[in-house]
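Protein chains in written order, with the working numbering: chain Y, 245 to 600; chain U, 331 to 714.
Derived by calculation from the structure, the hints in this document are not laboratory data.
You may find that some hints are simply not true.
Unchecked claim - Looking from chain U toward chain Y, a few residues come up when the C-beta cut is under 8 Å (computed):
hint	residue
1	LYS426
2	ASN451
3	ASP470
4	ASN554
Stated by the list, open to error - The following residues of chain Y were derived to be distant from chain U, with all beta-carbon distances above 12 Å:
hint	residue
5	CYS261
6	ALA423
7	PRO489
Remember, predicted model here, so these are calculated numbers, not experimental data.
Each residue gets a CB set at the ideal place from its N, CA and C atoms; glycine is no exception.
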Amino acid sequence: MANKKNLILTILLLIGCFALAWYVNFETDSYIRRVVNLCMVYAIIGLSMNLTNGFTGQFSLGQAGFMAIGAYVVGIFTVPVALRPAVFYAAPMNPLIADIYMPLWLALIVGGLLAALVAFLIGTPVLRLRGDYLAVATLGFSEIIRIVITNAQTITNGALGIKDIPPLNDVRYIFVFTAVIFIFITALINSSYGRAFKAIREDEIAAEAMGIDLFKHKCLAFMISAFFAGIGGGLYGALLGTVDPKNFLFTLTYNFLLIIVLGGMGSITGSMIGAVLVTAGLEFLRVFDEPLDLFGMAIPLFRPGFRMVIFSVLLMVLVLFWRHGIMGTREFTWDKFIAFCKNPFGFFGRKGARKA
Amino acid sequence: MKKILSVLLASTFAVGMLAGCGGEKKDAAKSDVIKIGVFEPLTGDNAAGGELELRGIKLANKLHPEVLGKKVELVIADNKSDKAEAASVAARLIEKDKVKVIIGTYGSSLAMAAGNIVKENKIPAIGTSCTNPQVTANNDYYFRACFIDPFQGTVMANYAYKNGARKVAIIQEVSNDYAVGLAKFFKEAFVKLTGSPDSVIEVANYQTGDKDFSAILTNIKAKNPDAVFAPGNFTESALLIKQARQLGLNVPFLGGDTWETQEFIDVGGKDVEGASLSTAFDREKATTEEAKKFLDAYVKEYKGEPSALTALAYDAYLIAIDGIKRAGTTTDSVKIRDAIAQTKDLETVTGKTTLDKNGDAIKAAIIKTVKDGKFKYLDFVDVK
Chain Y
245 MANKKNLILT ILLLIGCFAL AWYVNFETDS YIRRVVNLCM VYAIIGLSMN
295 LTNGFTGQFS LGQAGFMAIG AYVVGIFTVP VALRPAVFYA APMNPLIADI
345 YMPLWLALIV GGLLAALVAF LIGTPVLRLR GDYLAVATLG FSEIIRIVIT
395 NAQTITNGAL GIKDIPPLND VRYIFVFTAV IFIFITALIN SSYGRAFKAI
445 REDEIAAEAM GIDLFKHKCL AFMISAFFAG IGGGLYGALL GTVDPKNFLF
495 TLTYNFLLII VLGGMGSITG SMIGAVLVTA GLEFLRVFDE PLDLFGMAIP
545 LFRPGFRMVI FSVLLMVLVL FWRHGIMGTR EFTWDKFIAF CKNPFGFFGR
595 KGARKA
Chain U
331 MKKILSVLLA STFAVGMLAG CGGEKKDAAK SDVIKIGVFE PLTGDNAAGG
381 ELELRGIKLA NKLHPEVLGK KVELVIADNK SDKAEAASVA ARLIEKDKVK
431 VIIGTYGSSL AMAAGNIVKE NKIPAIGTSC TNPQVTANND YYFRACFIDP
481 FQGTVMANYA YKNGARKVAI IQEVSNDYAV GLAKFFKEAF VKLTGSPDSV
531 IEVANYQTGD KDFSAILTNI KAKNPDAVFA PGNFTESALL IKQARQLGLN
581 VPFLGGDTWE TQEFIDVGGK DVEGASLSTA FDREKATTEE AKKFLDAYVK
631 EYKGEPSALT ALAYDAYLIA IDGIKRAGTT TDSVKIRDAI AQTKDLETVT
681 GKTTLDKNGD AIKAAIIKTV KDGKFKYLDF VDVK
């Protein structure tokens, strides 16, 4: 009974969000649309990263590499054939792929699948490593992808990058992708596979003793994560309309690491909240970059770059006081939400009491 | 502790809100203002370049504060050297600040990320030093104040040929779009000049951040070139030349405008003496009225020598102002775009500026060389 109610509420919320996406798409300006789109794309990639790092407990830093694969598949195949000679002005495109055109949705899925395949290939040897060693190996892998892309001039246009990807600025399109991925990952985490992932995170030896095939599950989580990172990367490329190898420096991965640490490692809703906070929050803080006149006096602190200082301070505060991120490993649930609505002050009091 | 913190947090956001509101009220009061958006990388990897360009734009705004009787207000925004931010901030300038023209940015990939936004919203944008041809290609709303990579590569090829080089080697920073563009057009032009595809004896690659070039250099030395064209980042290039001298490769090195920084000389020291490069601006060739004004103002404000980036950014502002003046409107951005597209013989710091049909500036290139630890004017290549 309670489950059914929760399901209905979730469906209602999704419909409500879709209506909101519809509203944002037609009633707001392109700035808001862009920020909303970016939030959703970052949420997808954050979710995908959380699957390996948060739920399976494998500290992987290869996300930028998987994104690059997805983004480049979109970049290479969705640029209209007529515009390609202008883009590949330095060296003509390889004739094998010069005439292949794909619609965006197909390119996204192909990009995701390719990323998953690459994840399988590198996951096989690399996932035997643990902890820091895995992080270093995956980081190195994402750099390899970037350097391959830089040097494959006739396929990727090398350092010159690809321009004229048909612009995607439809909030509904990205929303549908985000919602489907969100539902899929929620279902996955609540399935037997998800429980196996969490068991691996908690204690690998105990999990193995319980009959969980460690390697198979780690590899599965890694591939699914790469698949969604590929789709997220593709959407990112389409949103910007241009891709180049410098986009996918390893520093990009840290953006998403920040999102999942902030939201909570091992929390799906946490990743969503983290993505929105980091992306929209940085945009909100832009007011600190603008000159501010207070009582006729210009405050010299308010100059471009100041918002980054504020952002860093806020981050430090968050990490100091919410050591496990905003959500920790908890999830947003309707039961808690209703309890909160019924008695907002008591809700926090109760939590405090429990902690003590 | 928690209490103090929450108060602090709350006040941060309150100030944020206040600042936001304050800005809007100001707008309503002033309708005799035209806003020009400036988006530059003021934080992140490219902050140094962004800062130099911002100087030029601010200086230009100081000397030309009005157009059509309206005050020009610069709205400066930071794109964090990040493509996603560049796109968002361009949208923000257009939607929230309602700018009519955008100036920026350093870094071609950042400009390309904003390309779709300005096109969609029909707001003209003028690039400062983004030299990748793709920035203006297939985009009617993006212009630029600088010359493009093909031109610069061709200029250096001509220069090398004129000075007797018949066999050259190219060493390019393969992860840098700028270097790849220059190298490609250098090669094309040089092969055309000599009439022999073998005149470029080697094209070698290195990655940004590389420190050891001995393998590449040994290989090239064995092939005995007359000169080496090595477009790339200044630190890597200076190291490259240093190592070449150590290996006994004593041929002239040629490069592009990225070399024109003090760091290049600091890192390279004596070894970079005689290295020549192409650039857009030099004091000695600054013959226009505008250039004199610019130089005076620059010395007064910042001291020292202005860089080519600063001069180009100053020019971008002049192109914008000139376009608005000729369009006769401060509200209709499409008319302003049309006027900017027809910019012809505009007197700017880097000579007379004319925009071609792609929206790229046609202007002369200047060749400089390093002498006694300084960049010295060497030659001047006009557009044919």
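How the hints compare with the structure:
1. LYS426: Status holds, d = 6 Å.
2. ASN451: Holds, about 6 Å.
3. ASP470: Violated - the Cβ of ASP470(U) stays beyond 8 Å from chain Y, reaching only about 13 Å at its closest.
4. ASN554: violated, 27 Å
5. CYS261: Its Cβ never comes within 12 Å of chain U, the nearest being 21 Å, so this holds.
6. ALA423: holds, 21 Å
7. PRO489: PRO489(Y) is in fact no farther than 12 Å from some Cβ atom of chain U, at 6 Å.
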